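Undergrad: Residues 286 to 771 (the numbering used here) are what the sequence shown spells out, left to right.
Accuracy of the hints is not assured; some may be wrong.
In silico lysine-lysine, BS3-like type, Cα no more than 30 Å apart, as pairs [to be verified]: (1) K696 - K638; (2) K430 - K376; (3) K638 - K658; (4) K430 - K638; (5) K347 - K301; (6) K376 - K696; (7) K430 - K696; (8) K659 - K638; (9) K696 - K659; (10) K376 - K638.
Derived by calculation from the structure, the hints in this document are not laboratory data. This structure is a prediction, so every number in the text was calculated from the model and none was measured.
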Amino acid sequence: MHTQTVAQLIQGLRDKRFSSVELTRHFCARITELNPVYNAFITVNEAAALTAAAAADERLAKGDAAALTGIPLAHKDIFCTQGLRTSCGSKMLDNFVPPYSATVIERFQGAGTVNLGKTNLDEFAMGSSNENSYYGPVKNPWDTKTVPGGSSGGSAAAVAAMMAPAATGTDTGGSIRQPAAFCGITGLKPTYGRVSRLGMVAYASSLDQGGPMAHTAEDCAILLNAMAGHDPLDSTSANVATEDYTAGLEKPLNGLRIGLPRQFFGDGLDAATGECINAALQELERQGATLVDITLPHSELTIPAYYIIAPAEASTNLSRFDGVRYGHRCESPQDLHDLYTRTREEGFGDEVKRRILVGTYALSAGYYDAYYKKAQQARRLIHGDFMTAFEQVDVIVGPTTPGPAFALGAKTDDPVAMYLEDVYTLAVNLAGLPGMSVPAGLVHGKPVGMQLIGPHFAESRLLNVAHRFQQATDWHTQTPQTGGDA
Numbered sequence: 286m287h288t289q290t291v292a293q294l295i296q297g298l299r300d301k302r303f304s305s306v307e308l309t310r311h312f313c314a315r316i317t318e319l320n321p322v323y324n325a326f327i328t329v330n331e332a333a334a335l336t337a338a339a340a341a342d343e344r345l346a347k348g349d350a351a352a353l354t355g356i357p358l359a360h361k362d363i364f365c366t367q368g369l370r371t372s373c374g375s376k377m378l379d380n381f382v383p384p385y386s387a388t389v390i391e392r393f394q395g396a397g398t399v400n401l402g403k404t405n406l407d408e409f410a411m412g413s414s415n416e417n418s419y420y421g422p423v424k425n426p427w428d429t430k431t432v433p434g435g436s437s438g439g440s441a442a443a444v445a446a447m448m449a450p451a452a453t454g455t456d457t458g459g460s461i462r463q464p465a466a467f468c469g470i471t472g473l474k475p476t477y478g479r480v481s482r483l484g485m486v487a488y489a490s491s492l493d494q495g496g497p498m499a500h501t502a503e504d505c506a507i508l509l510n511a512m513a514g515h516d517p518l519d520s521t522s523a524n525v526a527t528e529d530y531t532a533g534l535e536k537p538l539n540g541l542r543i544g545l546p547r548q549f550f551g552d553g554l555d556a557a558t559g560e561c562i563n564a565a566l567q568e569l570e571r572q573g574a575t576l577v578d579i580t581l582p583h584s585e586l587t588i589p590a591y592y593i594i595a596p597a598e599a600s601t602n603l604s605r606f607d608g609v610r611y612g613h614r615c616e617s618p619q620d621l622h623d624l625y626t627r628t629r630e631e632g633f634g635d636e637v638k639r640r641i642l643v644g645t646y647a648l649s650a651g652y653y654d655a656y657y658k659k660a661q662q663a664r665r666l667i668h669g670d671f672m673t674a675f676e677q678v679d680v681i682v683g684p685t686t687p688g689p690a691f692a693l694g695a696k697t698d699d700p701v702a703m704y705l706e707d708v709y710t711l712a713v714n715l716a717g718l719p720g721m722s723v724p725a726g727l728v729h730g731k732p733v734g735m736q737l738i739g740p741h742f743a744e745s746r747l748l749n750v751a752h753r754f755q756q757a758t759d760w761h762t763q764t765p766q767t768g769g770d771a
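From just these sequences and the hints, can you work out the full model?
TA: Structure (C-alpha cells):
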C-alpha cells in the first residue's frame, strides 16, 4: 500500500480493497520501523489516527465521503494542532500543546483525512538542511549521510521513505521546493495568500506559505483542492476564487512558452544537474512547448534582500517567545530582564539567534533606511523582473537547487554557503509567486529537481506542466532503498 499514490489510495478505499484503518495501521508500522533511521517525525499520533480512520471508514461506508476521506497524511510541526504538541522544532515550544488548530489542519480534518503525526523541521523553519532542529537532524532516505533539505525536510523524508503518502510543508524561501528536490518528490509552493497562514507559526509573515508535498503533481493538485481558499480570519489570505486543480492536468502543452532565465544556468549550477534539467526541457519541447531565453536582471539582489527582510520579520515574530505566556521558561529568574534573556538564550538555537540578531540590527534606529528599506526596494525590482518576463512566457523553468543533496555537516559552519543553496528559490517568495519542484533525474544516485514558476494564482498551469512531464518520465516513481516492507 505504501507504494501507491494518493490518487491510487483514494480509488483503493472506494473499491474497498482496504480500509482506512488498515491503511493507517500500515503507515504507522512503517513509521515505527523507519523513523529511528530517518528522524522524520517529532510526534506520532497513532491512537488518534486510528480513531479518525475508523470514523472515516464509517463515512466511506455511507458512500457520501469527500475525496480525501480516510487518507493518512503527515503535517509539518509548524501547523498548530489542537491537543497535539506543536514544537516548531524548537526547545522553546517543546511543551506547547495548542488550544486550536491551524486552518490548514481544520480543512484537512473536514476533508476526512487522518493525521499520522507532526514532522521534523529546521527550528522555526529557519534553515536549508534540517540540521537546525532541537530534535536532531533528519536523514535523507536516498543517502543517510546527506541532508534532506530544509526547512520541510521531515515532511520530504517521510514521503520519500513512504512513511506517509503525502505531507504538508511551508515555504518561506524554498522550504518546500528544495527538500522536495533533494528527496526526489514533488512539492508545490502556492501563490502567497492562496493557502491560509492562520495557525501556521510565523517565521517571515510576508513570505511564508503552506503547500503540499507528495509523489506526483496529481497528488499535489488533490491536496491543494483541500488546502486552498480564502480565510476571513487571516488578513493575508487572498480573496480569490479557487478552482478544481485536478481539472486541467491533462491539457496538452502545445504552444506553451517556457522561459529560461540565463541567471539560473550560470557557473553556480552543477554540470550534471544542468544536464538533467536540459533533458527535462527537451521532453517538454517534444510535447509542444517552446523554449524562450529570458533574463531576470536583478537576480543578484535576491539573497541580500531576502536575508534582510526575512530576519527582520523573524525578529518581530519571535519576540513573543519571552517565557511569560507559554513555551519554555528559564528556572528561577531573578527579575524580568533575567527571565527574558535566559529564556531566549536557552530556548532558541544558534541559527534562530543569528537571524534574530541580523533582523533586529536591520530594523534598529539609524539602520532601517540603509538596510530594510533598501531590501524592500530591491524586492520591488525582483517582482518587476518576473512581471516583465511573464509578458513573454507562460512558465519559467530552471533547476530547483544548484546540485543534489550535500553531506550532513558540510555547511553548518558556513552560513553563507548554506544560504546560497536557496539561490534559485528565494526570488519566488519575494515576488509572491507560485513555484514547484518536480523530480527530473539522478546525479550520482541522488535526486535533483526541476523548478517551475508561474504568474500569481497560476497553480493549475504549473500542475498541468508537471503532470504532463511526469506522464512521459519515471523520475517521480524512483524510490530510495528504505527497506521496511511491513
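Undergrad: With reference to the structure, classify each hint as holding or not holding.
TA: Going through the hints against the structure:
Taking the CA atoms of K696 and K638, the gap is near 18 Å; set against the 30 Å cutoff, the hint holds. About 25 Å separates the Cα atoms of K430 and K376, which keeps this hinted pair within 30 Å; it holds. Distance check on the hinted pair: K638 and K658 sit about 22 Å apart at the alpha-carbon level, within 30 Å; holds. A distance of roughly 26 Å separates the Cα atoms of K430 and K638; the hinted pair therefore holds under the 30 Å criterion.
Our distance criterion of 30 Å between C-alpha atoms is met by K347 and K301, whose separation comes to about 13 Å. The straight-line distance between the Cα atoms of K376 and K696 is roughly 23 Å, inside the 30 Å bound, and the hint therefore holds. Only pairs whose Cα atoms come within 30 Å are accepted, and K430 paired with K696 is accepted, the gap being roughly 13 Å. At roughly 23 Å between alpha-carbon atoms, K659 and K638 fall within 30 Å of each other, so this suggested pair holds.
Under the criterion of a C-alpha separation no larger than 30 Å, the hint pairing K696 with K659 is consistent with the structure, at around 28 Å. Restraint check: the Cα-Cα separation between K376 and K638 comes to about 13 Å, which is no more than 30 Å; the hinted pair holds.
In summary, this structure violates none of the numbered hints.
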